[in-house]
Amino acid sequence: MTNQQQATTQQQILAPAAMSRPFSPAMLWHLLPWVIALIFFFVGDGYHSLGTNILVMILFALSLDLALGYAGIITLGHAAFFGAGAYAAGIFAIHFNADPVLGLLAATAIAGLLGLLTGMLILHTRGETLLMLTLAIAAIFYEIANHARWLTGGDDGLSGIRVTPVFGLFRFDLWGKTAFLYALSVLFIWFIIAALVVRSPFGRSLDGIRQNTKRMRAIGTPVWWRLVAMYSLSAAMAGSAGALTAQSTRLVGLSTLELLTSGIVAVMLVLGGERRLYGAFIGAAIYVVVQDFAGSISPFIWMFVIGFLLIIIVLFFEGGLMGIIDSVVAKLKGKADASGQTGKRT
Amino acid sequence: MKRRLIASAAAALITLSTAAYADVVKFGIIAPFSGPFAVWGKQFKDSVEAFQKLNGKSVNGHEIQIIWRDEGAGDASKSRQFAEELILREKVNVLGGFALTPDALAVSEVISESKTPTIILNAATSIVTRKSPYFLRVSMTVAQYVSPLGGWAVQNGIKSIYTMVSDYAPGIDAQDEFLSGFEKAGGKVLGKDRVPLNVTDFAPYMERALQSKADGLFIFAPAGAPSVAMVREFERRGLKAAGMKLLGTGEMQEIFLPSFGDSILGAISSTHYTESNQRPENIAFRKALTEVAGKDAVPDMASIAVWDALGLVYETVKALGPKFTGDQAIDFMKSKTINSPRGPISWDPKERDIIQNVYIREVKKVDGKLINVDLATYEKVRDPWKDNHPDAK
Chain A
1 MTNQQQATTQ QQILAPAAMS RPFSPAMLWH LLPWVIALIF FFVGDGYHSL
51 GTNILVMILF ALSLDLALGY AGIITLGHAA FFGAGAYAAG IFAIHFNADP
101 VLGLLAATAI AGLLGLLTGM LILHTRGETL LMLTLAIAAI FYEIANHARW
151 LTGGDDGLSG IRVTPVFGLF RFDLWGKTAF LYALSVLFIW FIIAALVVRS
201 PFGRSLDGIR QNTKRMRAIG TPVWWRLVAM YSLSAAMAGS AGALTAQSTR
251 LVGLSTLELL TSGIVAVMLV LGGERRLYGA FIGAAIYVVV QDFAGSISPF
301 IWMFVIGFLL IIIVLFFEGG LMGIIDSVVA KLKGKADASG QTGKRT
Chain B
1001 MKRRLIASAA AALITLSTAA YADVVKFGII APFSGPFAVW GKQFKDSVEA
1051 FQKLNGKSVN GHEIQIIWRD EGAGDASKSR QFAEELILRE KVNVLGGFAL
1101 TPDALAVSEV ISESKTPTII LNAATSIVTR KSPYFLRVSM TVAQYVSPLG
1151 GWAVQNGIKS IYTMVSDYAP GIDAQDEFLS GFEKAGGKVL GKDRVPLNVT
1201 DFAPYMERAL QSKADGLFIF APAGAPSVAM VREFERRGLK AAGMKLLGTG
1251 EMQEIFLPSF GDSILGAISS THYTESNQRP ENIAFRKALT EVAGKDAVPD
1301 MASIAVWDAL GLVYETVKAL GPKFTGDQAI DFMKSKTINS PRGPISWDPK
1351 ERDIIQNVYI REVKKVDGKL INVDLATYEK VRDPWKDNHP DAK
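Chains as they are written, first to last, in our numbering: chain A, 1 to 346; chain B, 1001 to 1393.
Bound conformation, chain B alone (with noise of 0.2 Å):
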């Protein structure tokens, strides 16, 4: 009787024991998948196929399951309501996703009371990262990738310049940032133009921009239909021909070019992923991608960031287990140096937002194909808001 029960209590340890060697960590992404934001879910999607392809579905053994939800074309309430649901029923040990500010902040509350790692792959608003001890970015804030473009701008040759931004909180924030930089290098600017979000003729504003005789133009769009119009709209009306820089950020990725032509050859751009570098990890990343989605497959910002994200993850289970508490998570993470195709990523330990190299970049025409190349690095930049406003809330 007694043999027994030592028996049957050593089968149960071992079958506890490879229960717990087999386990499974969930990653549950909150995403765009319909509406006018889709392309970012398709992005997302893509990515990590690519990215379990090349790294395989699990680690050491346990396995890594994403689960997707569509948040549409962002809706505060229902991104809330999919975190819960992913946490409370879904058990994930590790939720992500946000295309839009608002969607991210309306989780901050729930993560912050289950104390669930979250790691943002878009929403680029400096402030999100303080809303909860249990975020951290991996894409970017719009502050930290336009900060060097306008000095940059002064030292090469651009005196002054003329701005033209959508109207809304990132235009303006991109404006403004560009602005302190660009004046505080001593250049002039002759003109800030606003562009209601659904305007899709840029001609009036174009010609207001083509009128002040500036130097460049500094616009910053969303990315997608309205910045494809506003950049076709600066060729069309002449601007290029007077000789005039355009200079943006995200207008330019390497995803848009093939809509502009040969009339983008030129444009500058700064980002903080060149799409064409020739890092050995780009190179890796960029073959997996077009294994999955096909040989034309370009890769944009959503995809750099989930593959880092998953990056993460993968670091996290191969060090932690897969088992791990939100605290171990977010500590362990927010501690790591990436070796991202981007270049190196790092995280600002107290406020879990990402540091990072930012490019300037002009297009060029190279083997017959529009790419973005590399002028100037600025290395292991950090959200300049952040630092500036270093009480916000």
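Just chain A, with the same shape it has in the complex (with noise of 0.2 Å):
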């Protein structure tokens, strides 16, 4: 990092900028991704179901994007607080409560204990070990799920799951109506606890801690609880995320919990970009629609199609598809306004 850079830091800390910005007309932007999704609910009839995985796997890389992307963990174990937070709601939803409200809080509850109890054990390491460990506690999490038969339902998943309407008001209708608004809320929410996290003073430390973990240490920083508490925010997102599933499929397979989940879904951010917000958006995007329409032109191709996309990507454009339109925005910006804000968003 050189000296200018950390200059920047510095000054982003005494004033964060998303809350000393003035107001421009660029920041409409903003709205798009949420214009979009009341959009296809209007006209997405018979793929409301689709929207719904989206939405849910859009949360789930963003979960991932505050570990990995923002704060540096380096974690192939993200399946555990998406799958623990998937049984939670679950097992709360067929033994508790059936209030997809209080489900979702105990499950994101649930699932952020799990994350501040692992990120304890785990996060005193680096590197390669810590992402042994974060492979090793998601493979823990699997088994428990696997062998607790009476409590899981084991390989042949948790099914009876019975939601009651949201608030009492509305009906989790058979085509996913209900379930795409619901997940869009929840979305929203993570969305803008995310952005002010990561545009807080924690937040640009955790940034100091991914780029220089000895000087921030220096400086004084608790580097381990900062880490800890980001990790255990990120899991509870997470866990976020794994309920709203569980709540829109009534059901909860193993797969919640398996290696590949946590290896979509890190696909899905270096695809969109990581530490960009809207990264895991497009990521996440891309990646279901596309297996979902290369699927039914032929099932044997969509793998070929994302793997593809994937090399082009982390070859060529560093920053993934957001990097892309970032540098599109700013070459633009640069010949209407050179004076202009091209301050790279982070």
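Source of the hints: derived by calculation from the structure; they are not laboratory data. You may find that some hints are simply not true.
What the hints assert, rightly or not - Below, a sample of chain B positions facing chain A; criterion: calculated Cβ distance under 10 Å: (1) P1036; (2) P1102; (3) V1110.
What the hints assert, rightly or not - Pairs of lysine to any residue, SDA-like flavour, derived with a Cα cap of 20 Å: (4) A:K177 <-> B:L1088; (5) A:K177 <-> B:R1089; (6) B:K1131 <-> A:K177; (7) B:K1115 <-> A:W175; (8) B:K1091 <-> A:W150; (9) B:K1386 <-> A:W150.
Unchecked claim - Just so you have them, the derived chain B footprint on chain A, three or more residues with Cβ under 8 Å: (10) 36-50; (11) 149-155; (12) 173-182; (13) 238-251.
Don't be surprised by glycine CBs; every beta carbon is placed ideally from N, CA and C.
Can you join these two chains into the complex? Each is in its own frame, and there are hints to help.
Okay, here's the thing in structure tokens:
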């Protein structure tokens, strides 16, 4: 990190960008994903389930972005929290209360708590050791769910989940319209939280930790606690995503805890671009849509399409699809207004 | 004016009736074409092509169209999503597929609401068909094809047994079903072992089984790489040389036999389909399959399931025409008896679960080829789990 960069970081810590930025028409772009989602809600008959799956994966990828992208916690075991959230929501609905919002909160809290506990255990380490430990924790979660058949249904999946209407008003209709709006609202809330967090001094300090841990420690940052806090927040968010999938599908399978699930969400994030909140949006949407459409043209080719896209993006476009968009926007802005804000979005 | 009106009305009627005549009946199949179970999708597809080659792509002029969806490595939310798309957008008349139980369970709510007849092509957990009145199973249940094996083993000189199953729900169900028959017939259980699903080195497990000095070893592992590795280790660790008999189910399907070589000779298995049986239906089936998928194509449980499912759909369209309600279709299908390549199959009208023969087979070498040869046939075997749990939901 150059001195200049550090100076900017320091500055931003003192004056978080989001809160001090004056309004500009460019900010309207932030409405785009939500507008698209709402339009989809009205025209996407028959595809609401697909839409809900996309929203769930966006939330999951966003949670990984917090841990992997912003805090630099290398993890291949994030499905542990996704699955934990899904099972928690399912079990809560079956044995305690079928209210979806309560179930979602419970699942989020449980996943966050598990993130806190496991984070405290493993975040002393970095690099490959950390990677291995995240894998190990995901494997432990998987085996627990596989063995506790009386609770989770094991390999047959957890079925019999009932969901009452949201706030007692909006019934989960069969074709997933309510589920879609519900998932969209949850995603929106989490997105606001994530945006505030990454722009807060806390988020900035994690930026510093990712780039130079020793230096951050030298200036007195409680590195371990900051990492644990972010990991736990990320786990809670992944748990929410899991709860959403449990409530919209009304069935939880062991696949929610599988290594493959952790891998897929990492692919989505890399595809869309790390450390750009919207990267998760683009990556997850493209992945799920390509899987769906390439899959219906020929089920045999969709993995090839995704693999090819991923290779091209990783080789040639640092920062994923969002990186491409950013550089195009920066170029256009540079032409239109040389003095305009071209500050890279974080 | 009046005449013209009548003429155009008649013309409209004619167009309408021809339109009704040349209807398309859509059969949506959700199956894995990618990921660890991709072989299922390939077998399904080959078998469908073979069926349509032999029986044509239409019934009484109504085209039977197959719409495929890839459920990948098994994901309940994807399965449900595809079911909704197929029903709402594609307006499929019949749904089918599901390699894994959770994927079938995930669609139960959807198909109950839309009243879509849904044919299960694999998912072998007993409970599935009770989750919706529109489920009908053409595959098997684990309990069903394991059930005769325990009793048969004791009658045929295997007095003591060691069991080794993959540690997941179907493995444990298979072990329990086998042991209940085995113990009822007076056999002695010398040990039970569970192997985690991702284990690839079976040496220590086989060593323990060998130490037990049992007459036989019962195994159950997901058909494919794990089951092949398990069976190979049986020979490599000298269990066969020590005189132990290997008992299994899908592990000894003909499709896997070439990967074992002659060491597999003498292995016993119990399943609902003996690939080399000489029924005329089976000879026709295998001939059609080799024409489509090459001369080395070997059918397996997947091929036979989708073959019979298509048979049911064709019969349904033949009897009910291209337009039918879910209730009509399910009522019709569950009352059928079909001469399948595997033998006669029918359905329990209450449970909509398949009733079929279970064959105890031994691997032998015939004309230089390793095949399964029937030793015993248990006719019209029902799913024992359902009979033991009449009220489970």
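Sort out whether W150 of chain A lies within 20 Å of K1091 of chain B, counting only the CA atoms.
Status violated; Cα separation ~38 Å.
Pairwise hint evaluation, R1089 of chain B against K177 of chain A, where the allowed Cα distance is 20 Å at most
15 Å, holds
Is K1131 of chain B within 20 Å of K177 of chain A, Cα to Cα?
With a Cα-Cα distance of about 23 Å, the restraint between K1131 of chain B and K177 of chain A is violated, given a limit of 20 Å.
Report holds or violated for the interface hint on P1036 of chain B, using the least CB-CB distance to chain A and a cut-off of 10 Å.
9 Å, holds
Pair hint K1386 of chain B and W150 of chain A, alpha-carbon separation not exceeding 20 Å:
19 Å, holds
Coverage assertion for the region 149-155 of chain A with respect to chain B, Cβ distance below 8 Å, three residues required
That given contact holds, which follows from 4 residues of the region 149-155 of chain A lying within Cβ reach (below 8 Å) of chain B.
Is the listed coverage of the region 36-50 of chain A by chain B valid when you require three or more residues with a beta carbon under 8 Å from a beta carbon of that chain?
Since three or more residues must qualify, the claim that chain B covers the region 36-50 of chain A holds, with 6 doing so at under 8 Å.
Under a C-beta cut-off of less than 8 Å, do 3 or more residues of the region 173-182 of chain A approach chain B closely enough to confirm the stated coverage?
Holds: 3 residues of the region 173-182 of chain A have a Cβ under 8 Å from chain B.
Given pair status - L1088 of chain B, K177 of chain A, alpha carbons within 20 Å
13 Å, holds
Measuring from the C-beta of P1102 of chain B to each C-beta in chain A, is the shortest one below 10 Å?
Status holds, d = 3 Å.
Between K1115 of chain B and W175 of chain A, is the straight-line Cα distance small enough, at 20 Å or below?
14 Å, holds
Agreement of hint V1110 of chain B with chain A interface, Cβ distance less than 10 Å
6 Å, holds
Violated hints, listed in ascending order, are 6 and 8; each of the other numbered hints is respected by the structure.
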